[in-house]
Amino acid sequence: MQITIQSIIPEYFTPNSSEVWSKNFEFQPNSKYLVKAVSGSGKSSLFNFIYGLNNRFSGTILFNNTAIASLAESDWTTIRKEKISIVFQGLRLFPELTALENIQLKNVLTHHKSETDILKMMSQLDVDQLANKKAETLSYGQQQRVAIVRALCQPFKVLLLDEPFSHIDQAQITNAIKLVNQEVENNKATLIIASLGDTYNINYTKTLLL
Amino acid sequence: MIEQLLKKQVHKSQLLFFALSSSLGLAILLIVVQLFIDTQSIFNSKNDLLGNQNLIIYKDLGRDNAFTASEIETLNAQDFINKTGSFTHGTYRVLASVTFPNHAGISTEMFLEAVSDQFIDITNKDWKWKPGDKEVPIIIPKNYINLYNFGYAASSGLPQVNEKIIRQVPIDLTLTGTHYTQNYRAYILDASEKINSILVPESFLNYTNSKLSPNKEHKVSRIILDVINPSDPKLLEFLASKKYNYLSNDIQNSKLSYVLKLILSIVLGIGLLITILSIYLVITNINLLILKNKQTITQLHFLGYSKTQIAKVYHAIAYKILAISIVVALLLSIICKFIFSPYLSVLQVEHTLTSILYLIILSLFIFIGLALYYRKHTNSKIQQMISPNTSLLTTEN
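So the protein lines, in turn, are chains F and Y. Just so we're aligned: 113 in our numbering is position 113 of the first sequence, and the numbers increase by one with no gaps anywhere. Just so we're aligned: 349 in our numbering is position 349 of the second sequence, and the numbers increase by one with no gaps anywhere.
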């Protein structure tokens, strides 16, 4: 899926000049992008614009030549189930559910993975032993890994990761990137990572400074 | 799992309370509707008690107190009068004699009148007469039977009779007109509470009038009116302007009917008010639930759950509240029906189960109507929660 950005700019704050705001560019299919910026420059806003949570921007975003402003709510539901997956900066896990339930919440919607697959992914990120623990009892780093697994439980053409490894140690970051890369490859998808500065040793098609 | 998340702020006892409070309003509504249906027969114009939509008018006593044809026409032309019926009376003398076994016979002078069948509160297949028939049916006022039973029979040692037995008593009528005298065998067909006269079928009266006193013209001295509302001020004003008299009892009944209807309407209004308030209460409660779960709803939606999937959970809650309240209201109104039935039977209301059937149908309609309303409301509320820019997520920069 190609995402075309045409001179978008948020309406609720005035960002500094960057390679993203007020510029025209594309996120090409099968490519990897890093959006690098200091905090407060609008990384999450950009992701929210693309994910359809926020439309308070001027300019146009196109998914394969379709302006997202024209998408209906039901289109977004389909997109969020089949086309675009996201790990929010704030993770947005449900604290009262266990780690596995949080992941299953997405998976019962898409039926994309078997429970064995899910547990295998969890074990790759070393959170399988936490499967039946409530999300609220997990550390932020552990929650980040659960959120990553949840994001992978659906088919996608674009994977948006908003500072996904901020609280994870280097060894686990390596495991996570391995898993993410593998899934991106399987889905022949575009990966867009937002980061404060780390590049996580990924071979990006392009780095955008925000 | 989604249900578990979306219902986390729901307290069953609270929902039950809302269901019961809304059942109160609905129950009042259903009970009044049921009372309306059950008492319909007494408001009905065929009933003597409250449905008395007839008024008998007459002129002041005097030599010329008959109604002329043009006066009858004027009466018919009034829009508050549906139709008129003239009382015709026999233009001959009547001597009636009754012979009881083992008792001396009694005989009395009397009179005969006739009025159009549609004004008579008795429907009986024997209420007819044609020349050549052996017996003439007579309708007498009900209070005549009482007068006889508790006055005459008691003091003279004659047997008391009821309306059924009285039919068996043969009456010999001797009619003496200006030209001829004829004898007829008659019997009392029934007793009327409505018309205070001794009635025979119109055909009999017309026949005997023309036979016995062919030269006498018959006069209309009383007219029975079929009116929409006997206590209608316009009607009373009209009657007063024409100096027509009427029995105030007829009007009292109509006023009673009006007051009863008014009371039922007021109770219906209160029931409606309580129902509307309780619907508002349920709606507010659903709003509160949705608001309490705002974060969960938005997060689920952004995970890919559709509005329909989320709304379904709240629809189910609303339907349950509604179903419980309607079932409770229905049960309450059915119980009330059985509590009221002895009181209603005093008003000559027959005990039927028809009103229960109507109530069930009405309840179904209320359920469907309110369910659709709650559904629409819940959908729009959830739509508000999940529309872009309202999300808690957009606070991230």
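Honestly, I wouldn't trust all of these hints.
[Stated by the list, open to error] Below, simulated DMTMM-like cross-link-like pairs (lysine to aspartate or glutamate); rule was C-alpha separation at most 20 Å, straight line:
1. Y:K292 / F:E82
2. Y:K7 / F:E101
3. Y:K312 / F:E136
4. Y:K294 / F:E82
5. F:K134 / Y:E3
6. Y:K376 / F:E82
7. Y:K7 / F:D75
8. Y:K8 / F:E101
9. Y:K292 / F:E136
10. Y:K142 / F:D198
11. Y:K381 / F:E73
12. Y:K307 / F:E82
13. Y:K8 / F:E136
14. Y:K7 / F:E96
15. Y:K307 / F:D75
16. Y:K8 / F:E96
[Stated by the list, open to error] Which chain Y residues face chain F? A few, computed with CB under 10 Å, are given here:
17. N196
18. H301
19. F302
20. S306
What the hints contain is simulated information worked out from the structure, not anything from laboratory work. Just so it is clear, CB atoms sit at the ideal spot from N, CA and C, and this is done for glycine as well.
Here is what the structure says about each hint:
no. : hint            : result
1   : Y:K292 / F:E82  : violated, 29 Å
2   : Y:K7 / F:E101   : holds, 16 Å
3   : Y:K312 / F:E136 : violated, 27 Å
4   : Y:K294 / F:E82  : violated, 24 Å
5   : F:K134 / Y:E3   : holds, 17 Å
6   : Y:K376 / F:E82  : violated, 28 Å
7   : Y:K7 / F:D75    : violated, 27 Å
8   : Y:K8 / F:E101   : holds, 15 Å
9   : Y:K292 / F:E136 : holds, 19 Å
10  : Y:K142 / F:D198 : violated, 108 Å
11  : Y:K381 / F:E73  : holds, 15 Å
12  : Y:K307 / F:E82  : holds, 17 Å
13  : Y:K8 / F:E136   : holds, 16 Å
14  : Y:K7 / F:E96    : holds, 12 Å
15  : Y:K307 / F:D75  : holds, 12 Å
16  : Y:K8 / F:E96    : holds, 10 Å
17  : N196            : violated, 76 Å
18  : H301            : holds, 8 Å
19  : F302            : holds, 6 Å
20  : S306            : holds, 5 Å
In this structure, the earlier hints numbered 1, 3, 4, 6, 7, 10, 17 are contradicted, and the remaining ones agree with it.
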